[in-house]
Every structure is written in C-alpha cells, then in structure tokens.
Amino acid sequence: MKERLQELKQEALSKVQHSEEVQALKDIRVEYLGKKGPITEVLRGMGKLSKEERPIIGQLANDVREEIAHAIESKQTRLEDEALEKQLEAESIDVTLPGRPIQVGGPHLLTSIVEEIEDLFIGMGFEIKEGPEVETDYYNFEALNLPKGHPARDMQDSFYITEELLLRTHTSPVQARTMGQKNGSEPVRMICPGKVYRRDTDDATHSHQFTQIEGLLVDKHVRMSDLKGVLDAFAKQMFGAEREIRLRPSFFPFTEPSVEMDISCKMCGGSGCSVCKGTGWIEILGAGMVHPNVLEMAGYDPDEYSGFAFGMGPERIAMLKYGVDDIRHFYTNDQRFLKQYHKA
Amino acid sequence: MLVSLNWLNEYIDVRDYQPEDLAEIITKTGIEVESVEPVAEEVKGVVVGYVTSCEQHPNADKLSLCQIDVGTETLQIVCGAPNIAQGQYVPVAVPGAVLPGNFKIKKTNLRGEESNGMVCSLQELGVDEKDVPKEYQNGIFVFPEDVQAGENAVSLLNLDDMIIELGLTPNRADCLSMAGVAYEVAAALDREYKLAGEEVHPVSEKASEYLSVSVQDQEANPYYGAFIIKDVNVGKSPLWMQNKLTAAGIRPINNVVDITNYVLLEYGQPLHAFDYDRFGSKEIVTRKAEDGETIVTLDDQERTLTTDHLVITNGTKPQAIAGVMGGAESEVNENTTTILLEAAYFDPAVVRQSSKDHGLRSESSTRFEKGVDPNRVERAGKRACELLERYTGASVLSGVVSFDQLDRTEREVTVQSQRINERLGTDISNQEIADILKRLQFTFTNSGDNFDISVPTRRGDVTQFEDMLEEIARIYGYDHLPYTLPQGASQAGGLSRIQKLKRDIKTYFEGAGLNEAITYSLTSESRAAMLVSEEIANQANHPVKLAMPMSEDHSHLRLSLLPEMLQSLAYNTARKQNNLGYYEIGKVFINEEERVTKQPVETLRASGALTGEWVSHLWQQEKKPVDFFVVKGIVEGLAAKLDLSVSFEKGKIEHMHPGRTAIIKSGERTLGFLGQVHPKLQKEMGLKETYVFDLNVEELFNMYTKVEGFRPIPKYPEVSRDIALVVEESIPAAEIEKTIVEAGDPLIQIVQVFDVYQGDHLDDGKKSLAFNLVYLNPERTLKDKEVEEAHNQILDAVKQTHRAELRG
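Protein chains in written order, with the numbering used here: chain A, 1008 to 1351; chain B, -17 to 790.
It is worth saying that the hints were derived from the structure and are not from the lab.
Backbone N, C-alpha and C define an ideal beta-carbon position, used for all residues, glycine too.
Treat each hint with caution, since some may be false.
[As the list claims (entries may be wrong)] DSSO-like, lysine-lysine: derived pairs with alpha carbons at most 27 angstroms apart:
(1) A:K1328 <-> B:K10
(2) B:K614 <-> B:K632
(3) A:K1243 <-> B:K10
(4) B:K606 <-> A:K1346
(5) A:K1346 <-> B:K670
(6) A:K1273 <-> A:K1189
(7) A:K1022 <-> A:K1009
(8) A:K1350 <-> B:K720
(9) A:K1350 <-> B:K299
(10) B:K580 <-> B:K606
(11) B:K112 <-> B:K86
(12) B:K720 <-> B:K749
(13) A:K1022 <-> A:K1043
(14) A:K1328 <-> B:K697
(15) A:K1155 <-> B:K338
(16) A:K1189 <-> B:K697
(17) B:K781 <-> B:K749
(18) B:K781 <-> A:K1346
(19) B:K484 <-> A:K1189
(20) B:K605 <-> B:K338
(21) A:K1155 <-> B:K580
(22) A:K1189 <-> A:K1202
(23) B:K781 <-> B:K767
(24) A:K1273 <-> B:K10
(25) B:K338 <-> B:K299
(26) B:K606 <-> A:K1350
(27) B:K697 <-> B:K765
(28) A:K1346 <-> B:K605
[What the hints assert, rightly or not] Derived contacts from chain B toward chain A, CB cut-off under 8 angstroms, selection only:
(29) E111
(30) P115
(31) E351
(32) E448
(33) A455
(34) Y458
(35) G476
(36) E492
(37) A552
(38) N554
(39) A556
(40) R557
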C-alpha cells in the first residue's frame, strides 16, 4: 500500500508539473483527490490492515494527499499569476496620451484684482459698499465739492442722461452715499469697487467704461500719516514687501490735501527704466484727506471728524502688474486673453 | 506749462542742480514734472556766419554759391534756400558739425562746386516746425540783429536749453507763469529769487486824451485797463525774446505780438494789442454780446455771439471776444503805429463759456479761465509798455485809462500749529511752520500756536485751513510724514450676504466650466431691447438713452447682458476660437418712463452664453457639442446649489429659437430664460449654434436661505423601481414628473427620467418616458406592500392625469 501511495504521488506530481493550464490542474485534483480518486480508494482498503499499520498508512495517505494538493495549488497560483501578467501586459496603454480635459472656467482678470484688493482691505476692517451706476448729478459732483459750473464736470466728459442724471464718472459718489447713511456720527471704513463711465473714445489707453475702487475712512482724529500707513500696507501686500511708496502733492476737488501715490518701480527697483520712464516711480492711485465741504455736506462736523479717501483703477493696476498693453483687452473678452489669468 | 531752464535761471539760480534732480524736487513739493527734455536734439558745431557774397550757382538754377565768413575763415558753401542773401548773419554748420538725427556735416561737391558746410533752417537745427516764424519756414534762419561771425549759434538760438514740462492741476494756475514758477521753485529750494520790474518812461501826452473806457457788466469784467503806445515800429522782436517764446512753444510773429506773449508767459497775464487807428472809435465799451451779433476773429473766422459772451467793443462793434481772441478788424499789422494795449481781468466762468462755445482754447483763455492774479493785471500792462518802449522804439503815453472794481485784498487764513500736527500726524515746530511760510512768501503774524496768514492774491487756490495745511505739508515734505495706522475703534470688515453669494455663484459657474466675461453696459438701441427676459421687458419698455452718445454702438443702457456677450462670442469666433463658454454677473437698468426723470432700477443678472464643443476628447472620439441640456444643467446646478426649486416651461422670446426656449420660474414668478439663440440671429452675428441663459440673480439671492440645522442621514435602505410610460408626445416630462411626485408623497424621494423613446413599436404621436423612482421611509425599512401601494397610486395618477399607459 505504501508503494501504491508513493506511486500515486509521483504520478500526480509529474502530471502537475506538466500541466500548463488551470483546467488541467482542476482535472488532476478531481482525478487524484476526488471522492472516487485512487487515494480515497487506498484509504478505503485500510480495513484490511493491521492495527499497527493503519495509522502509519493513514498518515502517509494524508501526507501524499496534502503534498499533491499543495503542488496543485502552487502550480495554479503560478499559472494564474502568469495569466494575469499576460493580461496586464496586453492591457498596457500609452500613458503619454492626453487625458480627458476637464472644463474649468475662471474669473476675469479685473475681478481677480478687485477681489484681491477687497480681501486686503477687509483684513484692515473695511466694508465693501456698492452704489448705483446711474447717478444723480448731486452725488456724482455736488456732494463731492464739484458745484455746478466747475470746470471738472464738463458735459463733454460725462455720459449724461438728463440734466440731473448721468452714468457715474467715478465711484466717489458711494463715499457721499455711505457717509450720508451714517447720520454724521458713526465712523466709516469702506471701499467701493465698481464700473464707471467717461466720455472717452476707446483706444489703447482709454475706455468709455472702466473700473474704479474708492476707499474711505472717516473717524475722529484721522491723520494724514494714517493714510500713508494704510496705503503703504496696501502697496506692500499688493505689489510686494520690498516696494516703497511716496506721496506727491496733487489736486482733487473732494480732498485737501490731495496726493498721488507712487510705488517704487518693480522693474528697476527704483533706479529708473523704461517702465517708470526713468523716474524709478510708478503712479498707482490718488488720495487725500476728505475735503471739509464733503464732510459737511454728508452731515459730519469737519472740526470733529476727519478722514481720508483714495481711488485707484484696477485696469491700470492689472496693466502694470502683468504688462497688459491695451485696455481694450479687458472688454473684448478674447478667451486667449482671459485664460492666461485663470492659473492659480 | 513748458519752463525754460535758461529763463528760470534769470529769476532764480538753479544752475547747480541737474535738471532731473530739480524736476524731482518740484514734483515732490508740489507740481508734477511730466518731462525734462532738451529744447532740441543735440546740435554741435553750428556757428554764426556772415554772408560776404551770394551768387547764382553756375550749374544749378535753384542753388546759390556763397562765401561765408565764419570768424576763423571764409567758407564757400552751396545753399538751396530761396531767402539767402549777401549781408545776412546765418547759422552755419561747418564741416564736422552734427545736426539732429545724428546728421554729420562733411565737405562735399554740389553740381561741380565745392561746399564746405551747410546754412541751416531752424527745423534743421531741431526747432519744432510749429514754433518757427512764418518767414523762415521755407528757408534758412536769419539772425534778426547783428551778431559776431564765428559766435556759437547753438547758444545764441538757445538750443542748449532744457525744458521742464509741468503737469499743472487745475488749482495751480499760479504756475502758468514764469514768475509763479519762480515763487514755487524758490519755496521748494528755499532760495532767493528776483523777478523783473516794470520801468516805463511815459511821455507827457495822456492816454486819457485818446480813449475812454466803460464797462457794462462789472461782474464779468471787474477791471479793464487801456494803455496807449504810439510811434511803434512793428518788426522783429529781439532774438532772446524769440528764443524764449520758442522754448515755451509759442511762435514768434512780430515785436508787438511777441511782447504781449512774452508778458503772458512771464506774468501769467494775457494782454491784447489793438491797432488804435483801426479800432474805429475813441471809446472802449465792454459788454455782453447781443444774440446773433458777429465778429471776424484773428483767424479770419466769422463767429456768431450770444449773450453769454463778453465782448470788447468800440461802442458799436465788437473788436474782440474778451479773453479769448481779438478781432481781425483792429489786428496789429506791419503798418500799425499806435497801439491800444488791453490789460484786463475777466471772470473765469465767462471766458470758459466763450472759449467752449467757439472751440477756441488759447494761451490767453487758459489763463483767464483759471483766474489771473488781480495784483498783476496792471503791472503786466506796464511791463509790456516797458518792452514796447525798448524794442519797438515807441512812446508810452502817461496813465492808464481804466475801469476798476477789482478786489485785490489778500485772504486771511488762521491756523494753529497743534491742529496742523493733529491732522498730519506730525510734530512740526512753530519755527518750522514760520520758515515754511517765509519760503512760500506768505506774510503772517505769529503768537504762540497761532498763525494769522495773508495769502498772496496769486494763490487764489488757498482759501481755508485745509489749503494751508497742504501748503505746509508739501513744503515740509510728505516723505517726512510718519507711517501710522488709524486709531479709531476697529470694526470687523467683511462681505455682505449678497457679496458673499455673488462670489459663491461665480465660483460655481467657473467650476461648471464657464469663463467670466465683462462686457459694456452701453449698447446700441436695437441690442438694448434684445434677448430681454419677460419680467424685465414687462416693466421696462424704454431702455435708458444717453443724451449725447459717442457712437450708436454705445447709446443705450442694457436690459440684458446677452447681446454684448454674444458680441464677445462673435469676436472670438471671428478669431477661430470656436469652443466658448462665458458667464457674466452685472447690472441691467430698468426704466419705466418714456422720458427718464429718476434713476432707473438697477438689478443684478447672471447670464451665460455657450457655443461649440462642450466635451471634446479627440483621440477617444469623445465629442459633444453644447446643447440645450448642457445649459439647462448649469442652471439646475445653480438652483440646487442655492437649494431653490425652479421649474422650466416652454416659452417664446424674440430672437430665441421658438422650439428650444424655456422660461425659468419659481412658482408663478419668472426668474429668467434659457435656450438656443434664434438661428437667424446666430447667422447675422456670425455665430454657430449658441445657447444662452439669463437669470435674475438678485431674486435668487432673495429667495435663498442658508442651510441651518441638520437633516439626519437615512438609516434604512431605499427601494428603486423603474417604470416606462407611453404618453402623447406633447406632454412635457416635467408635468408627469410633478404628478408622480404628488402621487408618491411621502415615500417617493427621487424621480429621474432615464430614457425617452419615440419610433418603432409606438404609435405615431406617442413617446415613451422611462422613470427611475426611489422610495424611502426614514422611520423604518420599507415593506414590499407599501412600495407596491405607492407605485400603484402613481400609476393610477399618471393614467388619470396624462392618459399614460404602462409600456409593455
């Protein structure tokens, strides 16, 4: 019996060794290890054995069975692995082919600039205010110390609708409106971005519609040095920590003193180049201390309250920051232009 | 204002400053310097030559052969200028000279004759054509007076001057004169200066014997002074004067006109010289013109006047438009011998009106419009008399005939140093303030903190504390202001609810694949009424029209963002950009009135336009053009994001595809529309198939309520069933869906169409709609029986309501 078992083992292992298909292995399993297989048969004949031989043969039969099963299993695993490997080989792709594009849009460059500035001033405790684009003559001019007949309010420069209504020429009316809402007693910290309109022929540097951001801070004891401090913080965050600012005297009807703010030129670091026209400085915005007439008209006592205001053009800032050479790019919506600024 | 540095140096010595450094100082203390440039490009090697002989060139009709003494030698030069003649002093570029454009002069041979240099025109020396006196425009320049042969012509002609261009803000009219600039520079540099005086030697004869002056409108004309100058020889003005005018961009004409222009530049006071003999009377009457009255001005234009215009008349006829331009009738010409010289103060607003109405902006009107210094009017007249005396050989009659109601008092402004420091955030001492006021030439008295300041009349812009504050701050220097932050109680800044939502939906649209566009609010009349949502169209029949549009393309305020957005699409399409998806959030302007009397209602809309491929993955042959349902999906996604339920109804909007347009609604309220642009409009605009949406986003924001609390996640499984219904093809899927939802309440959770079929095995006019229905009971596991019941209820309802048949 021992010999028979050894024989069966050799036979089965040899068959396993020569099998190259999973099905063949399955057949071998059924043939040798099945209920009707030869090993089972051997075990069935164990009754004829002596009491001493029985466990020895039983043990051997089990060993043989296990050895064959193990051989089948490991062969099967190997065959399956090989098959999988083959399949994966066949499934391989050209990973350099382009992926399926995801449609992702993005904001307009002007919006990005405006929101960046909004967030920056929000961080300094400013609110964002908005106002109508069709303004009354009063808010657009009169409340800003530009009485009727003032040379700066020429019909030729503004889009009037009636004598009393026009497309706002700046976002400054929102100053007057915001102050007016506070009854002359509460402090104001706000910026107001928005569209403004001027009677200009569209060309590389002029646009009949453009964007402005106006800022206003009114409180007791506001100093001009506060304006300088706030603008410096703005410039450093917006244009880089190494930027310097300088204030130059200027004139706006609604501020006194009035200044223009320059930042040191990024291109040359202040030594003078073609971008800054050799001056080392680039004009960024206009600002000043709120004119007492403006405070008074809005209901504030100019002896008690003071404030500062500033105004800037996001188009100009975008043009400086990115070197955009034509203001019309902002309004033709050429997607080749817009998409350049969708990158994070 | 163009400032000649050579001229400025006569009043205040700034030769120790590099022009750029000086410009920087001027910019930082008060007036922006726009440019610092040489008056002309660099010229080298040009000297004065004396033409000793000038003969016809033997081989050329139009050339002259000249012998010219250039001091060191006599050169033979061939010259083509028609005005060259023997006995002239002329600028000569000798061999080795360099003219503008790096034009090097060499010995040459012209038609067989040696030419050792070039006689120059002013243009060849770099002078702007418009500043060249008329008689020299087509020829060489001839020095108007005796100079030395061999002298440096470059400095004689002031071609080595530097010009500082000041960009003056409207308040700084005081710097529209060399004197004003001298004051400003003196204050900026803290330096001494010296201005010219007026030194006239009148004859005993009195001007009042020649003339009377009367003024009818003293508000428009508070001062009118007339001087009489006789025995004038009209001729050329001296070279130095011509040079200064040229440097300031004014063309020399003759000595009389040049002198009035010179004083205008020097004092900032415009003057006018009439030919006394052709003035037409012995009386000057200034008055408002009559409607329809006419005058022929110096430029030979006949101008029709109105009662807005102030005129200088001879009692009957206007001889000048006050402050703007003189009349041709009494213009000074080469035969003039007696001059009536006007020095006047005209009301700025009146001059501005005349200048605007006649489209005439002159050196004179510019200054009157901004207000001249009342204390310099008469002095300027005297200064001109002095120059006329000296350079035209004239005699000035004694006295000035005048009307005078002019206020010349200096304004008093009081400031306290403490208040100045409080407002600036500085610590400027009383001594420093006193020094600054001295530099500005403002007189003052000081006691303790208090400064009582008299503001000179030349500084009409300084009227109150804040103006003085600016004067002190700018001279003190803005660079010296500290950097501080506002001290008031800080508030939490931030975005409003609407502003936050606006940013949220922008992010949504961008995530959905759309690019933000910004288009013009102004559009054409026809586009203003195009693609307007019905709830807007119902209120706004009259798009707001500009009173004076610049072009028909931008004459009306938009009622929809779409027409201009489609223009942007067309712009891209024309540039071969075919796959486009845009959105914009912007205002439209609703006006109900035929004639606008009040501000239109401005309401925010979100619109989008898409065309071309939506999905495009080429090598996998995956390609899907934009269609109705892409756009609808974007709108539905937005509604879902805002947790709003909206419905869609088939609708009609002009310029939209009649079969592919849906009105977007919430209950009975219209929120906008979406669909395909009418193929006719597409074609007209050069667009391919284009889909749009337009939403009243302001209304969406109003409806939106922020998610609060917590909805438990279902613990029990849902049951999914499909049904296919055969219905009339005209029945919209949404209506069936609505019936299903109502009938399946409360168990039904989701109803989704997953198939639409028409064709074989269905009767004509029928369609099959397959729905996936999801049931759920949040309380417990659903029993089959419950689902069955709900499902049957649904089937009954759709049968009853829509005569739907279950598809076998």
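Hint check:
1. A:K1328 <-> B:K10: Holds, at about 24 angstroms.
2. B:K614 <-> B:K632: 12 angstroms, holds
3. A:K1243 <-> B:K10: 21 angstroms, holds
4. B:K606 <-> A:K1346: 22 angstroms, holds
5. A:K1346 <-> B:K670: With Cα atoms ~21 angstroms apart, A:K1346 and B:K670 stay inside 27 angstroms; holds.
6. A:K1273 <-> A:K1189: 40 angstroms, violated
7. A:K1022 <-> A:K1009: The hint holds at about 20 angstroms.
8. A:K1350 <-> B:K720: 43 angstroms, violated
9. A:K1350 <-> B:K299: 71 angstroms, violated
10. B:K580 <-> B:K606: 48 angstroms, violated
11. B:K112 <-> B:K86: Holds, at roughly 25 angstroms.
12. B:K720 <-> B:K749: 18 angstroms, holds
13. A:K1022 <-> A:K1043: 18 angstroms, holds
14. A:K1328 <-> B:K697: 55 angstroms, violated
15. A:K1155 <-> B:K338: Holds - the C-alpha atoms of B:K338 and A:K1155 are around 16 angstroms apart, at most 27 angstroms.
16. A:K1189 <-> B:K697: At roughly 53 angstroms apart (the allowed maximum being 27 angstroms), B:K697 and A:K1189 break the hint.
17. B:K781 <-> B:K749: Cα-Cα ~14 angstroms, so holds.
18. B:K781 <-> A:K1346: 52 angstroms, violated
19. B:K484 <-> A:K1189: With Cα atoms ~25 angstroms apart, B:K484 and A:K1189 stay inside 27 angstroms; holds.
20. B:K605 <-> B:K338: 62 angstroms, violated
21. A:K1155 <-> B:K580: Roughly 19 angstroms separates the two Cα atoms, so the pair holds.
22. A:K1189 <-> A:K1202: 24 angstroms, holds
23. B:K781 <-> B:K767: 21 angstroms, holds
24. A:K1273 <-> B:K10: 20 angstroms, holds
25. B:K338 <-> B:K299: Roughly 22 angstroms between the alpha carbons, so the hint for B:K338 and B:K299 holds.
26. B:K606 <-> A:K1350: 25 angstroms, holds
27. B:K697 <-> B:K765: 15 angstroms, holds
28. A:K1346 <-> B:K605: 22 angstroms, holds
29. E111: 25 angstroms, violated
30. P115: With a minimum Cβ separation of about 32 angstroms from chain A (threshold 8 angstroms), the hint on B:P115 is violated.
31. E351: Holds. Min distance 7 angstroms.
32. E448: Where the cut-off is 8 angstroms and the nearest Cβ of chain A is about 4 angstroms from B:E448, the hint holds.
33. A455: 6 angstroms, holds
34. Y458: Result: violated, 11 angstroms to nearest chain A Cβ.
35. G476: 6 angstroms, holds
36. E492: The hint holds - B:E492 has a Cβ within 8 angstroms of chain A, the shortest such distance being about 4 angstroms.
37. A552: 11 angstroms, violated
38. N554: With a closest approach of 6 angstroms, the B:N554 hint holds.
39. A556: 10 angstroms, violated
40. R557: OK, holds: B:R557 within 8 angstroms of chain A, min 7 angstroms.
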